[in-house]
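Student: Sequence:
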Amino acid sequence: MEHNQENNNENIKILEDKKEMDELPKFEDPQKIKIVKDQANISNNGEIKINIKLDDLKKVIEENGELPKSNMMYEETGVKNVYDELKKKYDFLPDFENIDSEFEISILEVNKFFLKNVRRRLIEKTDFFQKIIECYISGEPSIQIASETEELSENDFKKMNEIFKILSYYEKYSLHISLLNDSDEDAKFVKELFDKWLLLKPDLIDICIKLKNSWVEKIKTIKKVNYFN
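For the sequence shown, the numbering used here begins at 1 and goes up steadily by one.
Here are the computed distance ranges between Cβ atoms for each label pair: (1) 141 <-> 109: 36 to 42 Å; (2) 97 <-> 154: 35 to 41 Å; (3) 205 <-> 106: 19 to 25 Å; (4) 155 <-> 109: 40 to 46 Å; (5) 142 <-> 80: 37 to 43 Å; (6) 213 <-> 142: 15 to 21 Å.
In silico DMTMM-like pairs for lysine to aspartate or glutamate, Cα to Cα no more than 20 Å straight-line: (7) 196 <-> 134; (8) 196 <-> 104; (9) 165 <-> 195; (10) 201 <-> 124; (11) 131 <-> 156; (12) 87 <-> 102; (13) 131 <-> 148; (14) 220 <-> 151; (15) 188 <-> 171; (16) 212 <-> 154; (17) 112 <-> 85; (18) 125 <-> 171; (19) 188 <-> 85; (20) 220 <-> 148; (21) 188 <-> 127; (22) 89 <-> 185; (23) 218 <-> 151; (24) 172 <-> 195; (25) 89 <-> 184; (26) 212 <-> 140; (27) 212 <-> 151; (28) 196 <-> 185; (29) 125 <-> 104; (30) 131 <-> 171; (31) 201 <-> 104; (32) 191 <-> 102; (33) 172 <-> 127; (34) 125 <-> 102; (35) 210 <-> 148; (36) 191 <-> 171; (37) 159 <-> 127; (38) 131 <-> 203; (39) 158 <-> 148; (40) 201 <-> 171.
Think of the hints as simulated: they come from the structure by calculation, not from any bench.
For each residue, glycine too, the CB sits at the ideal point set by N, CA and C.
Can you make the complete structure from the sequences, with help from the hints?
Tutor: The following block contains the structure:
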């Protein structure tokens, strides 16, 4: 334990003395960031964590349009505060409450890749539905799919085909943006996919209800043997 404490103190000392090291943010005026020395700590995996004052973080985002290029974690600010600061630069972004309600971005870790991770979070959910829809429109041989599609109309399949094409486009769009390392493109993507998702969601809900209802009659006999209360 004493040995670990010595290592921690040594790491913190290096952090305080070597301001030019890569872990520190790089921007025009380093004094804009006030690093609170007594809050520096070393995590179990050796990663340096430093709290940063919200007012200082605002200045960095205003001047640079993004979080500092650093591996530091901004523990005091919280996801909502960081998102709201980014929204001041990209005012077309959805309100935090709306995008969090749909995609649960509040679970994301705040780091220098935050905006990219918001984009990835959106794609994670839309890809999930894309893969499910693909099973139905591809004619995949499955007892489950064969049973459920009995409840679907020709118009339902048409809707699923359209949704699949749209979600496939955004999947490849995100793949393209991931190669650009451009915060402006990440922000535009988040706005565009969020708006598109709200348009697709009612049809997805309708289809999911029909898939669920396809099992209503089938489970009635199961209820008789007391698997359900």
